Amino acid sequence: MVSSSRIQCKGAADALGYCHPVRRWWVGDDDDDDDDDGDGDGDGDDEGKEGVAVNASGVDKSHACELVAISPYPTAEATWPSSAFLLGSDLKLKPKSKPDVEPCKQTTHFQMLHFEGSLDWVFLPVLSTSASLVSTKPLFSPMSSLTPQVDSGESLPPPPPPLTFSTSLFRQISPALYLQRHLLHSPPTRPNGRSPSQCRDFTLTTNSLSHAHGSAVVRAGDTAVVCGIRGEVLTIAPGDDPSRFESYHSSPTSATHACGSRGAGGASWGGLIVTNVELSTGCSKKYPLGPPGGLAQTLSDQLHELVNVTKLVSLDSLRIYDREDYSDVTPNAKIKGYWSLYIDVLCISLDGNILDAAWYAIVAALKSSRLPLASWNQTEERVFCDSSLYHPLSLRRSLPFTTTFALISLPHSDDNGGGTTVLLNDPDSYEEDEACEFLTILSTTDFEIVEGELSRSPLAGLRTRVEKIEKRGGCKIGLRQIESCTHQATSKAARYIQSLMKEQLTPI
Amino acid sequence: MTSSPLVPEISLNPLPQSDGSCQYTCPTSRTTILTSVNGPLEVRPKDELPNHATIEVIVKPGIGVAGVRETRLSSLIHSTLKSLILTNHHPRTLIQVVAQIVQAEDHTSLPLLLTPLLNCTILSLLIAGIPMRTVGWSVHLAVLQHPPKTVKTAEGQVFRLGRGGEDEMETEESEQIVVRNPNGEILGQAESSHTVTFSKEGEVLLIESMECSQGSGGQSADGQGWDISDFLRLAEEGKRICCEEGVEIIREALADRKVF
Amino acid sequence: MEGLRNDGRRWNELRRIHCQLSTSSTNADGSSYIEQGFTKVLCNVTGPAEPSSRQKVKQDSATVSCEVYFAAFSGTDRIKRGRNDKKVQELQTAIQKTFSSIILTHLFSRSEITISVHILSQDGGTLAACINAATLALIDAGIPLKDYVCACTAGQSTSIFDNEGASPDPWLDVNYLEESDIPSLTVATVGDSEKIVALNMENKVRIEKLEAMIAVGISGCAKVRAIMDKEVRRHGKQKLEAQGE
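Protein chains in written order, with full-length UniProt numbering: chain S, 1 to 508; chain C, 1 to 260; chain U, 1 to 245.
A few of these clues could be false.
[Stated by the list, open to error] Okay, derived cross-link-like pairs now, DSS-like style, lysine-lysine, Cα gap no bigger than 30 angstroms in a straight line:
(1) U/56 <-> S/285
(2) C/82 <-> C/60
(3) C/152 <-> S/476
(4) C/239 <-> C/200
(5) U/209 <-> S/285
(6) U/204 <-> U/239
(7) U/80 <-> U/58
(8) U/239 <-> S/285
(9) U/195 <-> U/87
(10) U/237 <-> U/209
(11) S/286 <-> U/209
(12) U/58 <-> U/87
(13) S/286 <-> U/195
(14) C/200 <-> S/286
(15) U/195 <-> U/86
(16) S/286 <-> U/230
(17) U/87 <-> U/209
(18) U/239 <-> C/60
Hints listed in this document are in silico derivations from the structure and should not be mistaken for laboratory results. Source: prediction; values computed, not measured.
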């Protein structure tokens with residue numbers, strides 16, 4: 001559905017102060033003198049009860065526009081359109097009971113037709129694909145500029161100043177259109193001011209929690225995530241086979257194995273690292289407190305999969321041996337237990353792209369974790385931890401990071417010559433709501449730190465290795481676009497690593 | 001065609017009471033899925049969308065109760081179906097898809113389950129007569145370093161994909177060994193697993209690719225990962241499989257049915 | 001050392017208090033973050049808004065509801081507390097009852113004000129920190145209150161002097177180690193007056209010592225109020241200056 005022109009509305013915020021329930025009509029399908037419902041007016045809709053007539057005779061048939069009317073209760077003296085304001089549509093209006101009042105032709109602005117008494121009606125086109133960008137300055141003028149007309153029976157009222165909406169109102173009424181208008185601009189900008197390939201600045205703080213073995217707080221824009229890592233000792237029974245714990249992708253053996261590991265929190269891989277995400281923390285009005293919903297569960301599973309795909313933690317470093325002296329590693333040292341890592345991610349504030357923030361928090365928290373030295377005490381037959389000696393976790397040297405993109409498809413318009421798509425790097429929640437297609441890339445690039453600055457390691461041949469790609473929803477993204485996204489992912493990874501360096505958690 | 005080892009065993013409308021159903025068994029991984037589609041149905045007011053039909057996908061596991069893994073599978077299938085089903089044909093209704101995992105080698109492995117789930121769901125949507133924009137098909141590819149050891153593979157299941165690059169020579173090392181629809185054992189030996197779903201027109205609907213090599217992690221996992229150009233070549237091959245063979249499989253399966 | 005506690009404080013010294021308002025301005029109507037020593041608590045307030053369930057609608061006043069969430073990594077042991085955990089429910093009820101009497105609920109009938117508290121780290125004085133964080137978040141949300149609600153803990157150390165009759169002074173603002181060792185109570189007052197709005201004690205102590213503990217707690221609350229008020233004024237000034245630009 002395509003309708004016309006720009007939206008310009010001044011003083012509508014005041015007008016909408018009289019706001020009442022909203023009704024919608026489809027206009028543009030019926031003929032001039034069609035009187036299907038027999039109420040005497042020329043439109044096909046049954047609006048006799050409301051006393052409203054909207055006749056779309058002037059509309060180009062290919063342009064159906066959707067009108068939103070506010071306050072369907074006209075004043076008692078129904079001088080139609082009795083206090084109606086029309087915005088930005090190519091419409092001819094025929095009043096219901098006064099055929100002698102000239103229909104008002106609207107071009108790109110609306111005209112004040114007749115203003116009597118209190119303001120009752122505001123119409124505005126909701127869908128519009130005009131290429132012109134709505135002005136980003138709020139245009140607001142007080143009600144007093146809309147002077148009432150005493151009698152407009154004989155002559156047409158003088159053209160009134162156009163009504164304009166404030167941009168925040170436009171954004172609330174029609175978020176999709178608002179976003180599209182911004183992206184159709186050249187160069188395309190997003191409502192938050194970033195360019196499509198620009199991601200948000202983020203801050204990282206580690207080791208701020210006293211009881212956790214490792215912690216990190218990541219803030220990217222308004223998305224804030226806290227990750228805490230605790231190690232718990234897992235003693236293995238004498239009959240247990242330790243190799244079950246030591247591989248990230250142990251092959252399935254039997255149904256009972258799968259069942260048992262499903263029972264223990266679903267950790268079917270390795271089982272030593274357990275991830276958990278909490279979103280129902282009042283972080284966003286969309287996720288009220290209560291049991292985890294779909295997004296929290298999906299995110300939990302995705303992060304668990306990421307930890308196992310990337311194999312960040314070296315599982316043999318989690319072993320607890322049966323020996324007194326740690327410097328003596330005999331091959332016969334018996335494994336008495338393992339450190340089991342519990343990764344808890346808590347979302348404090350949610351403004352889109354929680355996956356990237358959560359994963360980065362996990363990587364930083366693992367990097368900053370320090371576990372006490374644990375050893376098996378033979379006399380007491382228990383594992384003892386030496387709280388004076390701490391050692392960091394043994395992790396991978398090249399750290400992988402995720403980058404998420406959202407795809408917005410722009411509608412067909414003459415200027416574009418066909419629908420195009422825009423990929424937005426690091427979407428916030430407003431953009432996430434409008435997009436239905438998402439791409440996440442987990443990639444690693446080997447960087448070398450030269451004089452405090454990052455440069456690509458020449459040994460790796462400037463290659464970025466991809467470890468996971470997930471694309472879901474929609475059908476518009478092409479394989480070539482995925483390649484360009486990988487390059488953006490590399491630059492984002494560089495920023496992550498620089499931030500880690502600042503926290504003195506250098507990867508090298 | 002029906003006796004070819006690569007063609008899945010499809011049984012249409014095994015559940016007579018539902019609007020559309022399908023049972024799908026992958027011949028090589030022996031994963032069996034049963035899906036049932038009902039709709040357009042009456043929808044709960046809180047789920048109602050004014051201009052579109054609401055799609056609800058429920059995945060039921062073979063063992064135990066549904067957990068986070070099943071929720072994730074449902075959300076992946078839901079996002080794929082949203083771009084296939086013409087939801088504005090039946091606004092304010094519900095299209096409900098229930099998928100039951102009947103048999104799987106590993107009930108917890110996402111890659112082994114995703115492809116059969118998607119294919120089975122698409123077939124049952126066609127049977128149910130839900131208006132769709134186009135059809136799609138999914139295939140699961142696993143990339144191995146060496147040809148699979150001690151596992152029997154079907155004819156045509158394993159193929160080699162040249163890495164390409166600056167030199168024209170395709171030596172043994174420069175080729176990737178790709179297995180189509182692997183079973184659990186082959187997947188255990190694989191370096192990476194790729195589930196790709198394409199529509200008939202070649203649009204990308206879903207990609208779930210991940211690194212899945214064995215190991216105990218830490219520094220030994222430092223060199224893992226694949227190059228993006230290798231991935232694109234693999235995806236192109238997947239596209240060919242989905243658009244040609246996948247669509248052919250759908251046509252054959254539906255060819256006998258004159259009345260749905 | 002004589003006269004000093006295990007963390008170097010004297011008997012009437014508070015731990016370092018650091019508080020911030022408007023930490024999550026986009027997602028909640030009011031938010032705050034408070035650190036009392038190593039106890040870290042975050043609070044979000046939403047409302048007045050439509051009640052989430054019909055049962056909560058009261059015709060003449062607003063309903064105050066509270067949700068408390070303990071992060072799994074907040075204590076010395078990793079414990080995931082569900083919604084039906086006893087400690088969670090106790091804290092929820094205490095905070096809800098405290099604020100029901102302090103918020104001017106008659107101004108917002110048939111609405112609900114939700115206070116959600118997240119405890120990121122526990123090092124003693126959890127209830128006190130939650131109440132303080134909730135007060136700040138309510139102020140940030142602009143919900144009318146009678147006054148600040150300031151809470152503080154006080155503990156009675158048991159030492160060798162007991163038997164001689166001259167008991168030592170109660171300790172103000174106990175941390176986790178002290179809390180596990182000696183009996184302690186939490187007291188919350190209305191502003192810096194001596195009106196008590198909440199008093200909570202879970203240990204046994206001799207009745208003669210109780211009054212001294214409460215008195216020390218109340219004086220601690222007055223100090224807490226001063227710190228919170230300073231931060232609120234600073235934040236308000238900063239906000240006004242930003243708007244004026």
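Does the alpha-carbon distance linking residue 237 of chain U and residue 209 of chain U stay inside the 30 angstroms limit? violated, 43 angstroms
Holds or violated: are the alpha carbons of residue 87 of chain U and residue 209 of chain U at most 30 angstroms from each other? holds, 26 angstroms
CA of residue 56 of chain U to CA of residue 285 of chain S, is that 30 angstroms or under? holds, 19 angstroms
Taken at face value, is the distance from the CA of residue 195 of chain U to the CA of residue 286 of chain S at most 30 angstroms? violated, 39 angstroms
Would the hint linking residue 239 of chain C and residue 200 of chain C be met if the CA-CA limit is 30 angstroms? Since the Cα atoms of residue 239 of chain C and residue 200 of chain C sit roughly 9 angstroms apart, the hinted pair holds (cutoff 30 angstroms).
Against the 30 angstroms threshold, does the CA-CA distance of residue 200 of chain C and residue 286 of chain S hold or violate the hint? With a Cα-Cα distance of about 36 angstroms, the restraint between residue 200 of chain C and residue 286 of chain S is violated, given a limit of 30 angstroms.
Straight-line alpha-carbon gap residue 239 of chain U to residue 285 of chain S, limit 30 angstroms: holds, 24 angstroms
Run the distance test for residue 152 of chain C versus residue 476 of chain S: straight-line Cα separation, threshold 30 angstroms. Answer violated: residue 152 of chain C to residue 476 of chain S is near 38 angstroms, above 30 angstroms.
Holds or violated: residue 82 of chain C to residue 60 of chain C, with C-alpha atoms at most 30 angstroms apart: OK: residue 82 of chain C and residue 60 of chain C at ~20 angstroms, within 30 angstroms.
Given pair status - residue 60 of chain C, residue 239 of chain U, alpha carbons within 30 angstroms: violated, 52 angstroms
Can the restraint linking residue 58 of chain U and residue 87 of chain U be considered satisfied, given a maximum Cα separation of 30 angstroms? holds, 27 angstroms
Decide if the proposed pair is consistent with the structure: residue 195 of chain U and residue 86 of chain U, CA atoms, cutoff 30 angstroms inclusive. The hint holds at about 28 angstroms.
Figure legend: structure checked against the earlier numbered hints; hints not met, in rising order: 3, 5, 6, 7, 10, 11, 13, 14, 16, 18.
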